[in-house]
Amino acid sequence: MSDFVERPRSSCPLGGALATLANLPDIVPIIHAAGGCGGNLTASIAFGAGYLGDGYCTGRTSPTTAVSETEVVFGGNERLEEQIRTTLELMEGKLYVVATGCMTEMIGDDTDGVVREFQAEGKPVVAISTPSFRGDSYHGYEIALDGIFNKFLPKAKKKNPKLVNIFGLVPGYDPFFRGDLEEIERLLTAVGLSVNTFFTPGQTFENIASAPSAALNIVFSRVWGRDFAGKFEEKHDTPHLIADLPVGPEATDAFLLQIADKLGLDLQKVQKIIEKENSTFYGYFERGADIFCDGDLKHYAATVTNATYALPLTRFLTRELGWVVTDSFVTDKLTDTQKSVLNDGEFPLQFLQGAQEIARALNNNHPNGRGQRYFDDLSPLYILGSTLEKRTAAARGARSLSLSFPVYDRFITDRGYAGYRGGLHLFEDLVGQIMSVKS
Amino acid sequence: MGNYDAKVPPIREARLKAGDTFGGALCELMDCCREGCLIQKNRSFWQAGSCQMNGAMMMAGTLEKTVIVNHSPGGCSAQLHFLSFQAAKGMGRRGKPNLSVPWLSTNLTESDVIGGGEKKLLETIEYADKTFRPELIFVVLTCAPSIIGDDLDEVVQTARGRVNAEIVSLHCPGFKSRIFASAYDTFYHGLLKTLSFSPKPWLDYRPIDENAPDAELRYAAWAWQKAHTVNVWNATSIGSDDEAEVARLLGALGLTTRIYAEYASRDELRKVSEAALNISMCDVHDDYILKYLEEEFGTPYVIAGMPIGFRHTREWLLAIAAHFHLERQAEALADYEEKIAKDAIAPYAEKIKGKRVLIYGGAVRAGVEATVMAELGLEILGIRTYHYDEGADAVFKDVERLSPEATISVSTQLFEMTHQIKTLKPDLVLSHNGTQGYMAKLGVVSVQLFDMDKVFFGYTGIFQILRRIVFEFKNTSYRDRLSKRIRLPYKQAYFEGNTFQYIKN
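Each protein sequence line maps, in turn, to chains A and B. First residue of the first sequence? That's 1 in the working numbering, and the numbers climb one at a time after it. First residue of the second sequence? That's 1001 in the working numbering, and the numbers climb one at a time after it.
These are calculated hints, taken from the structure and not from any lab test. Among these hints, one or two may not hold up.
Computed list of lysine-lysine pairs in BS3-like fashion (alpha-carbon distance at most 25 Å, straight line) [claimed, not checked]: (1) A:K94 - B:K1441; (2) B:K1271 - B:K1193; (3) B:K1291 - B:K1017; (4) A:K438 - A:K390; (5) B:K1491 - A:K94; (6) B:K1353 - B:K1422; (7) B:K1422 - B:K1441; (8) B:K1474 - B:K1491; (9) B:K1422 - B:K1491; (10) A:K94 - A:K155; (11) B:K1271 - A:K390; (12) B:K1007 - B:K1119; (13) A:K151 - A:K123; (14) A:K390 - B:K1065; (15) A:K390 - B:K1130; (16) B:K1089 - A:K390; (17) B:K1007 - B:K1291; (18) B:K1089 - B:K1454; (19) B:K1425 - B:K1441; (20) A:K151 - A:K235; (21) A:K438 - B:K1089; (22) A:K123 - B:K1491; (23) B:K1007 - A:K94; (24) B:K1271 - B:K1226; (25) A:K262 - A:K155; (26) B:K1355 - B:K1397; (27) B:K1441 - B:K1454.
Could you build all of it, start to finish, from the sequences and the hints given here?
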């Protein structure tokens, strides 16, 4: 069967690149594509990722060549040259990133050539190739990072042994990227590190500029950002660590110890912080025991998320809440190698994209009872997925929480599920969702 | 007209004297449009917008029991999540099952772009039919397959023999037209090429047996019903409460209203020809289909502005009433409604009198709203329209009479909007959905020009618009505080120059 996709949970490389650029400080995108691409792609993130919204120069403020039939027939180099020139004149930015769409790639515009002329004049412009037919948003994220960090930024003269860069969470497509990054930053700062998160509001272009001097890149995804981090290492000599996003105390304890080991941090100090965080976590977690247990809130669970969130989430539900996770669906389009990197035997994963396919798989894996008196069905079931899973859950009489893209039924600001606080948030949201029906 | 026979619908720029770039005085704009120079205008700086494909999908997604097949790389359909949830809500508000429309992307890859995506498209259509069992499948042609030359209609023809659903093809590659309104023509072209607008015997009605004793009576009943039924053509920006207000007023004249084409079903569309009159609610939205229906079924049509505010609502009602010799009743109805509504709006109108206002949105809506506000004693500083074509002339002649000094901008561009807000310093902006966040960040008081959850049309509408404006002025803290912390991406020099300095020709 063809690889068409039902209701894709990702867009194209241009969409992923724009989501990435839109959340970096002082970066101005220049979209070399038809006029609608920029608006349509960015709006899908501005609304679909828990109403992330537009920032400094994103969405419909994004400069674009808005190519029309004339350019498709006669070439778009001149239009691009004009748009870069006027953008430099009108828009305030520290770096201008030209990203291509499918039509300008297909007609063979010399984007690199046009951009080189501006670079020769010392203008901070870089070109990335993001044709929509070559991958999806996750690839666009890596392409955008590669353009900025590996192509544009020069090597650092000196390394800062206490500085780390965080990658792997894709803006929008990981709807809690900001909250997760904030918690990771909080914890790593506590153990004595400086942290470049790049994508949280407190960051400036200085954080981007200092990235090459970092001692370590931490990539919170086994698949996304991995190739980019490899290239970063080649260019800037910064090693990288691929880690699962730690959710809840057990995973976060282990993560902090791993970082302490990797960067030779004072182990006693790290242990002390772990102790303090745990006592805070359990101070809250303990109070939840009454509603959690008296409310009989132990569940079967199915997760429907991207590759980055699947294992951390499944692990939290299994290890911290003691739930029985029966199905973990990964909705990204992955290569066999990427699948094997994820499927290391800890939890079995299923790789499906369409909401309909997933609903069907769930029914096939766990048939519903048909009025039998004695039937061990998959109940009570909690589905942790996207807004698309709400109907699937309702049809099975299951509960659901939307936490993977697209999230249209929640509003997300700095909430995250990573770390100690994130674990609490997840606990709170899972229980809160159940209680919200009371009146 | 010829267009209706073509496989591919004409874009707005080719069909009408249309354009999306202008800044200056209204009389210049109308001259420029008439002489055709509007279409030549361009900018040396552009910001991202939407495209006709998105508009076509926005409309298609509202039809009942529909699946959309987006023939494209993975990104083109990105907004369908939003559009389908929006359509589901719209369905619910109209008393229909609020199911969001499923869709598929053919997800064209590099090898498809080289080798062609027709086979994949066919498989996707078959999968859509088998999996969702829809009544309608809209197949949407985007930029990439249009450049490689995939023959959409050939595939659709093949698929028609294999699937249960009726397939409507929508030709709308984004690069072909910069004018969003092209989407309306694309959508209607797709419908009229494929779907039946005539009822089918035995399925939709029981044929009259000529020899039956009640034949004459039944025929008279049918003829009477048809003679008193009107089709009112909606748009996505027109909410269910607007439709209800219009139906209420037409009902008071003894007319039965059917609303098309959004939120209709395939079966309901077969009743389109069973009406005495087709009525537009927006001059630049549906002339394409209304002219077709006149050619095809001899059904006359009315395009007479939008029923917003007292005068326009009266004129709109009278234009319709004229077809039924109900002018006297329509005048009486308008008199009666106005008498009640005038008392109701008086305290609100008084509060906002003299405010200086900028209006931004679709050409007709923005123009009509400007005249309404002008007549209420507000000062119109400027009007910004997404596009302009000759269909809007009637409305803008009215604007010219009432607000000759207003600056007119044909623009989807937020940098020009920002410039105008910073230089014209309006007290109030009435602005298109999707721009309100920007308004708040600029610290200006603004109200939606439309909102599918609220009412804007007729007598109920004018009261609600004014009420919302007054409400917005009651506390502006959010905007005031937010705007103080916002850094705009534009260099200061731009605001010291002309708003329209990036317009060429």
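Hints, one by one, checked against the model:
Proximity of K94 of chain A to K1441 of chain B is assessed by CA-CA distance (about 22 Å); at most 25 Å being required, the pair is judged to hold. At roughly 16 Å between alpha-carbon atoms, K1271 of chain B and K1193 of chain B fall within 25 Å of each other, so this suggested pair holds. About 17 Å separates the Cα atoms of K1291 of chain B and K1017 of chain B, which keeps this hinted pair within 25 Å; it holds. For the hint pairing K438 of chain A with K390 of chain A, the CA-to-CA distance comes to about 19 Å; that is within 25 Å, so the pair holds.
As the CA atoms of K1491 of chain B and K94 of chain A are separated by approximately 12 Å, the hinted pair is consistent with the 25 Å bound. For the proposed pair K1353 of chain B and K1422 of chain B, the alpha carbon gap of about 22 Å is at most 25 Å, so the pair holds. Pair hint K1422 of chain B plus K1441 of chain B holds up; C-alpha atoms about 12 Å apart against a cutoff of 25 Å. A threshold of 25 Å between alpha carbons decides the hint, and for K1474 of chain B with K1491 of chain B the separation of about 33 Å lies outside it, so the pair is violated.
For the given pair, K1422 of chain B sits about 13 Å from K1491 of chain B by alpha-carbon distance, which is consistent with the 25 Å threshold. At most 25 Å may separate the alpha-carbon atoms for a hinted pair to count; K94 of chain A and K155 of chain A meet this at roughly 18 Å. Only pairs whose Cα atoms come within 25 Å are accepted, and K1271 of chain B paired with K390 of chain A is rejected, the gap being roughly 35 Å. In summary, the hint linking K1007 of chain B to K1119 of chain B is supported, as the alpha carbons are separated by about 20 Å, within the 25 Å threshold.
Between K151 of chain A and K123 of chain A, the direct Cα distance comes to roughly 14 Å. Compliance with the 25 Å bound is thereby established for this hinted pair. Between K390 of chain A and K1065 of chain B the CA atoms are separated by roughly 19 Å; this keeps the pair inside 25 Å, and the hint holds. Distance restraint check for K390 of chain A and K1130 of chain B: the Cα-Cα separation of roughly 22 Å lies within the 25 Å cut-off, and the hinted pair is therefore satisfied. The hinted pair formed by K1089 of chain B and K390 of chain A meets the criterion: a straight-line CA distance of about 15 Å does not exceed 25 Å.
A hinted pair counts as satisfied when its Cα atoms are at most 25 Å apart, and K1007 of chain B with K1291 of chain B qualifies at roughly 18 Å. For the given pair, K1089 of chain B sits about 13 Å from K1454 of chain B by alpha-carbon distance, which is consistent with the 25 Å threshold. The straight-line distance between the Cα atoms of K1425 of chain B and K1441 of chain B is roughly 14 Å, inside the 25 Å bound, and the hint therefore holds. The straight-line distance between the Cα atoms of K151 of chain A and K235 of chain A is roughly 9 Å, inside the 25 Å bound, and the hint therefore holds.
Between K438 of chain A and K1089 of chain B the CA atoms are separated by roughly 24 Å; this keeps the pair inside 25 Å, and the hint holds. Pair hint K123 of chain A plus K1491 of chain B holds up; C-alpha atoms about 16 Å apart against a cutoff of 25 Å. As the CA atoms of K1007 of chain B and K94 of chain A are separated by approximately 48 Å, the hinted pair breaks the 25 Å bound. With a CA separation close to 10 Å, the supplied pair K1271 of chain B and K1226 of chain B stays within the 25 Å bound.
Taking the CA atoms of K262 of chain A and K155 of chain A, the gap is near 22 Å; set against the 25 Å cutoff, the hint holds. This hinted pair checks out: K1355 of chain B and K1397 of chain B have alpha carbons roughly 23 Å apart, not beyond 25 Å. Restraint check: the Cα-Cα separation between K1441 of chain B and K1454 of chain B comes to about 24 Å, which is no more than 25 Å; the hinted pair holds.
When each numbered hint is compared with the structure, violations occur for hints 8, 11 and 23.
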